[in-house]
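K.L.:
Heads up: the protein sequence lines correspond to chains A and B, in order.
For what it's worth, the numbering used here labels the leading residue of the first sequence as 1, then goes sequentially.
For what it's worth, the numbering used here labels the leading residue of the second sequence as 1, then goes sequentially.
Be aware that one or more of the hints could be misleading.
To be verified - Not close to chain A: a few residues of chain B, all C-beta gaps over 10 Å, as computed:
| hint | residue |
| --- | --- |
| 1 | Met-19 |
| 2 | Met-27 |
| 3 | Thr-55 |
| 4 | Pro-75 |
| 5 | Leu-80 |
Stated by the list, open to error - Reference excerpt, derived from the structure (chain B facing chain A, CB under 8 Å, subset only):
| hint | residue |
| --- | --- |
| 6 | Gly-42 |
| 7 | Leu-45 |
| 8 | Ser-49 |
| 9 | Pro-104 |
What the hints assert, rightly or not - Below 16 Å or equal to it, Euclidean Cα-Cα: the simulated EDC-like pairs (lysine to aspartate or glutamate) are:
| hint | chain 1 | residue 1 | chain 2 | residue 2 |
| --- | --- | --- | --- | --- |
| 10 | A | Lys-2 | B | Asp-109 |
| 11 | A | Lys-101 | B | Glu-59 |
| 12 | B | Lys-44 | A | Glu-3 |
| 13 | A | Lys-67 | A | Asp-78 |
| 14 | A | Lys-2 | A | Asp-27 |
| 15 | A | Lys-106 | B | Glu-59 |
| 16 | A | Lys-93 | B | Glu-59 |
| 17 | A | Lys-67 | A | Glu-5 |
| 18 | A | Lys-67 | A | Asp-27 |
| 19 | A | Lys-42 | B | Asp-38 |
| 20 | A | Lys-42 | B | Asp-109 |
| 21 | A | Lys-93 | A | Asp-27 |
| 22 | A | Lys-106 | B | Asp-38 |
Treat the hints as calculated values from the structure; they're not laboratory data.
Quick caveat: nothing in here was measured; it's all calculated off a predicted structure.
Here a beta-carbon is modelled for each residue, glycine too, at the ideal position from N, C-alpha and C.
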Amino acid sequence: QKEVEQNSGPLSVPEGAIASLNCTYSDRGSQSFFWYRQYSGKSPELIMSIYSNGDKEDGRFTAQLNKASQYVSLLIRDSQPSDSATYLCAVRKSGGGSNYKLTFGKGTLLTVNP
Amino acid sequence: NAGVTQTPKFRILKIGQSMTLQCAQDMNHNYMYWYRQDPGMGLKLIYYSVGAGITDKGEVPNGYNVSRSTTEDFPLRLELAAPSQTSVYFCASSRLVRQGSNQPQHFGDGTRLSIL
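Same shape as in the complex, but just chain B (with noise of 0.2 Å):
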């Protein structure tokens, strides 16, 4: 089972250049996540989706934007990168969350982008 696919694995960019980290599930999940994750800290959510043509802001959505126009592609795009965007990006999915369910979230390897 694929799960969460993300590409590429690692990147490196120019300052001032664009790229778009991309991210599929095939588990049908309706909900899709990017988290970038510096080191020796946890995971801030950069945008968030409930579903094809839905996204929201997350904790850090500043130099970044995404789109949904599938339920299984959620990529996110930097566009003019800069050394502070340096991090490991996670894509991640969950099923429809219901008021306390125990739904986890289901992640990608990462991609490793170094802005140079």
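In isolation and in its complexed conformation, chain A is listed as follows (with noise of 0.2 Å):
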């Protein structure tokens, strides 16, 4: 098992349509989740984190972190065609000399159409 597997997609949406995105870690004790995003030829934004079990909200874009489950979801409502980009999942895992360390998924390509 990939430490952090996400659908490679790529993910099409309709303008103004729910896009959701899946992560999921292999690491019981991870303690951080971050969501970062990458335009083409860019590099990668921080969007979201999350550390604690539930939802956490930010404008259009929600967090999900279901730590029993394993996973961790990233929502984005009324989806707009610059929301189009590859989303980058990284788990920061637990304890010891590696808790500063992150490992990505290889991320999800989401394309939203006008």
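Bring the two chains, given one by one in their own frames, into a single complex with the hints.
P.N.:
Have a look at this one:
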């Protein structure tokens, strides 16, 4: 099992719809979870972080964390063409000397169609 | 605010040449990281540093070297360039991370490197 898994996509949604991006992770003790957006040819930029079980909302973005099921998701409401990008899930492992390193998934390509 | 600055933005090397990718951050971050990203793939950690004078290997360190003489700078050295090192290289930094904290990593704009 890969450490951080995401559906590679592409995920295609119409403008105004809800885009749902999912991520699963293997280390049950993982502490922190991040969603990065990466436009083609650009660097990753942080859009959401979540630490506790449940939902965290920021504008049109909602991150959902379920540690028991080891998944984290990102919902984008009222999707816009400008949301078209690759979304990277990143997980910070637990404890010891590795709790500052992130493990990234391969990313999900989202296309929002006008 | 400059954040994380990488130079050069683009470079073409011949097989066997060497070069240094520069990375500097002005946020007084303790931790710095080098990643490579191949097409359609996620980010793979090459090396990281938890402070000046302290570096350690990541997932894919072969063919690379790093040093951290100051808090601000974290250069990545390729000694004998090989075609397999053609990639996009990202430098990142973060604050001191305590257990369970949500300190994110901040990325530079990347260096696109081709080895021919």
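K.L.:
Which earlier hints can't be squared with this structure?
P.N.:
8, 10, 13
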